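Asks: Listed here are the chains, written in short residue letters.
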Amino acid sequence: MTVAARKINEAADLSEEAQAGEPPLSNADRLKEHLEAGSLAAAFLDAWLRPGTPQEQQARLEAALEAHGSTESAVNAPASAE
Amino acid sequence: MPPHRLNRIEVQGFRSFGIVRQTPDLAPSIVVFWGGNSQGKTSLAEALEFLFSGQIARRELLASAKDEFTEALRNAHIKPSDPVTVEAHIVCPDGTVRKLTRTLVEDYRRGNPQGCRSELRIDGAVSNDNDIDNVLGIRLSHPPLRAPVLSQHTLGYLFSASPADRAAYFRAILDAQDLEYFRSAVAALESRIVEPASQELADLAEIETVPALLLAAPTVRSSKTLSQLTANLSKCAVELLISISITPGPALEDQVRQIEAELLARRNQTFPLELLRRSPFTPWAGLYDDVKNAVARLIEESGKVDAETHRVLSLFKAALAIPADPHGESADCPLCGAVDTFDEERVAFIREKVRASDAFVQSRTDLNRALTTLNGQLGNLERSAQGAAPKFMRAAPGKRREAGFTVAKIKALLADHAPVAPWLEKAGNLARADRAFFKAIGAAKSIVDEVVEDRSKRETFMRLEEALRAVMSGQERFVQCLAEYQEPATALGSALKHVVDRSADTKGWEPLVRLAQNRSALWAALEAMRAYNVKVKALKKAIKDIDAANGSVLDDKFAALSQEVRVWWDRLRPDETTFFSAVQRRGDKTRRTVDLKAGLSANEDKSSPKVRDAVAVFSQSQLHCLGLALFLAKAIQEKAGFVVLDDPVLTSDDDYRPNFVASVVEGLLDAGVQVIVCTQDHKSWKDIGDRWRHRGAMQYQLIRDDALTGTEIRGVTDDLATIIARAAPLARSNDPVNRKDGAKQIRQAIERFGKSILVKDRKSKGDAFASITDYDGKNFGSYSQQVMNLLTKDPSHPGKLRTAYTNVTPGPHDDTPPSSGELKVALGDLKSLKRDYLD
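Protein sequences appear in the order of chains Z and B. 40 is the number that our numbering gives to position 40 of the first sequence; each next residue is one higher, with no gaps. 187 is the number that our numbering gives to position 187 of the second sequence; each next residue is one higher, with no gaps.
No lab work stands behind these hints, which were simulated from the structure alone. Computed from a predicted structure; not experimentally measured. It cannot be assumed that every hint is accurate.
[What the hints assert, rightly or not] Straight line, CA to CA, 27 Å or less: simulated DSS-like cross-link-like pairs of lysine-lysine:
1) K304(B) - K292(B)
2) K557(B) - K32(Z)
3) K557(B) - K639(B)
4) K304(B) - K317(B)
5) K426(B) - K497(B)
6) K686(B) - K540(B)
7) K391(B) - K439(B)
8) K32(Z) - K544(B)
9) K540(B) - K32(Z)
10) K32(Z) - K541(B)
11) K32(Z) - K639(B)
12) K540(B) - K224(B)
13) K391(B) - K411(B)
14) K610(B) - K557(B)
15) K304(B) - K409(B)
16) K744(B) - K778(B)
17) K457(B) - K445(B)
18) K409(B) - K32(Z)
[Said to hold, decoys possible] Short derived list, chain Z residues pointing at chain B, Cβ under 7 Å:
19) L31
20) F44
21) W48
22) L65
Where a beta carbon is used, it is the ideal one built from N, C-alpha and C, also for glycine.
Kindly generate the complete structure, drawing on both the sequences and the hints.
Replies: What follows is the structure in structure tokens.
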């Protein structure tokens, strides 16, 4: 996991542990608050936060974009390709 | 959990520190070092910076002058073999004391932007810089201000840093670097999305520029279905044909044929581009093992049969058809009539002869088949090679000239002749390879014919094999020449096509024909482009969303940091109506510009302030305070266990020094931060010591009398050294008032020296209670003779002390201060006497 992702994760873990008491908002928590649920940006954040090497992280981001692209294409596809 | 504390530091050979290792113990609360100019305050602060970061920030901040730091870390006067080492004994939160040591391996060098090299050890074990965090748990800041060390050089960093550096600095303080990493990782996807590129898209782009198709061509790109695409291409073809006064055919295929015919006709009027055309070459795999095997088997089988057997084969087969005797009795031979000879042994003999003869016949059939296949392959090869060479090579010279395909014509058409020579050279090579290749194929085919005619000659088989090897070798050369011909031919063809199409006014015709003939491929390309556009649009929106979200997170954090900075600002300058207001992003859409805002109020309660950029409206003193407030806020945010402050308050800021000594130090101590202060202001040093003694404050002095010995760190008990150090700059002054003060201080130092040497003598004789205070209220004259009696190491010493005292003691009614020379001699003599008798 990259240092940056680790930091966000640590902060997220801390906030989860502390939910019962005084939850310190991590950068991840704060970002999520400002990103629309289900949006591509939110999917990117989820993909980036999962553990893995930087290469795996990059691959997950690409996969999130592909997945979003497929959905969009399906929605906006031309009526028929015959 | 208590934070990290430094409870001892050791410095040797670093900058002003010399060969004598300095080892002051540090109080866990506050330690204050006093030193005059050039005594080693900044060296001490930078030694700690070097210990933690391996560099000094001053060099990084003075980017244009990096080379000027060559050999800056090692004391210039010590031997190369003397170590340059900084060490700290660190009390960790768990109570253990860890030893962090950094030794300089290679100093800064000219032309080496990487900086210096050093070796880091933790508890004696070689470590790397990450271990400061991983092993000791001390998390350093973002470069260039990594260690919690504030110096004069770094105070102004934020006001002179580039917008990007300032933004990066604040992201580090706000612990928001990860937000930027995340944003960068997502933004990096932009370069990973490859825009589709294909012949079809290039053709489409070209027809979109054709004036006659300005209305019809854009409809092709926006076609929603394949049939709509066909209709829209037809619309283009129709518009094109109408524009050249040709009545369009009913279907797209008809229209395409019309355009092709007109295109060829128009081009040929200018230049026969057709003659440059060629087809892909399909090489022969060179597999003639079937022929080789068939030949080998034929030779083998032919050895097993003789001509006689072959002649009577039908009789043998008839004999074998006679049913055997059911009782196993032998019969008369049906071939020669011999009595009782047609037994099992003879039957087996005949059967073997028949089998061998059949095998021989089969091998001949197999060979025929293999030769037929080989012949077919050679024919295919010949045809493929025929088309692979450009058509002009196959045309008769007369026909070529007649069609206008000449080098002279090509040169006449092209303004730039550069593509011609390489094309000619490679075309020549290809023509030679082509001829040799065809010759080899022809030879091989004729030998195949020979073999078919007469399969009995082994020598013919061997010639066939040789000929096939020649075909392979010719093919190899032909393929190589084709490959070499490709690039110059494409360059020449493109240049010619451009000229021809322009001259024949047929630009975009050929692409339209290709698109109409490859509609499925165009449809696939358009779908790929649509998918690409969707992806790019989605990514751009996501980045915009992330920017906005990151900005909101940063705004919250900036607000918290601003609050913290205001706390320190108010401690430093509580009553000013010009004050620090906020640190914030320049705007919602700004990621890389961070502003420091000042409030300007006309009211004492700071109400209704006008907000301006602090850099513009603050005085130097106010900017200095803001730098300090930012540093302290950062230290608190980063939970630094200790801070090192090198001259935190300007000498000229007399009004605010008490605020620092009282309010700021109090804030830091209450926040649990160990404070290490270096100051050249003796009063601040004394005030901090006095005010915070109840919190365990420790005081040291930095004295640098000798370049080799370097800066010495002495406890407060060495008052004599302090007085000498304070007198030194005054003695050098051109200002008579300063020199008068200097003379007074040197006189006090001589009196202190006299008392100290007397106390030392008494103690050496067993008077354990001897004390300086025994001589309080006594003037130098009352004990000077006793002092002189003790100066026995050199006959000149009593005279030196007496002269020094005389020179710094004014006579009655004498207002003229001693000269600078007199004071310097007096000071120098006193230093050497101190060294010889007291140190």
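Asks: Are the hints correct? Go through all of them and say.
Replies: Hints, one by one, checked against the model:
1. K304(B) - K292(B): Since the Cα atoms of K304(B) and K292(B) sit roughly 19 Å apart, the hinted pair holds (cutoff 27 Å).
2. K557(B) - K32(Z): holds (15 Å)
3. K557(B) - K639(B): Judged against 27 Å, a Cα distance of about 16 Å means the pair holds.
4. K304(B) - K317(B): holds (17 Å)
5. K426(B) - K497(B): holds (19 Å)
6. K686(B) - K540(B): Between K686(B) and K540(B) the Cα gap is close to 61 Å, so the pair fails against 27 Å, i.e. violated.
7. K391(B) - K439(B): holds (19 Å)
8. K32(Z) - K544(B): holds (14 Å)
9. K540(B) - K32(Z): The given pair, whose Cα atoms are some 18 Å apart, holds under the 27 Å limit.
10. K32(Z) - K541(B): holds (16 Å)
11. K32(Z) - K639(B): Cα-Cα ~26 Å, so holds.
12. K540(B) - K224(B): With Cα atoms ~25 Å apart, K540(B) and K224(B) stay inside 27 Å; holds.
13. K391(B) - K411(B): Distance of about 19 Å is within 27 Å: holds.
14. K610(B) - K557(B): holds (23 Å)
15. K304(B) - K409(B): violated (69 Å)
16. K744(B) - K778(B): holds (16 Å)
17. K457(B) - K445(B): holds (17 Å)
18. K409(B) - K32(Z): violated (70 Å)
19. L31: Holds, about 5 Å.
20. F44: holds (5 Å)
21. W48: It holds, given that the least Cβ distance between W48(Z) and chain B is near 6 Å, below 7 Å.
22. L65: holds (6 Å)
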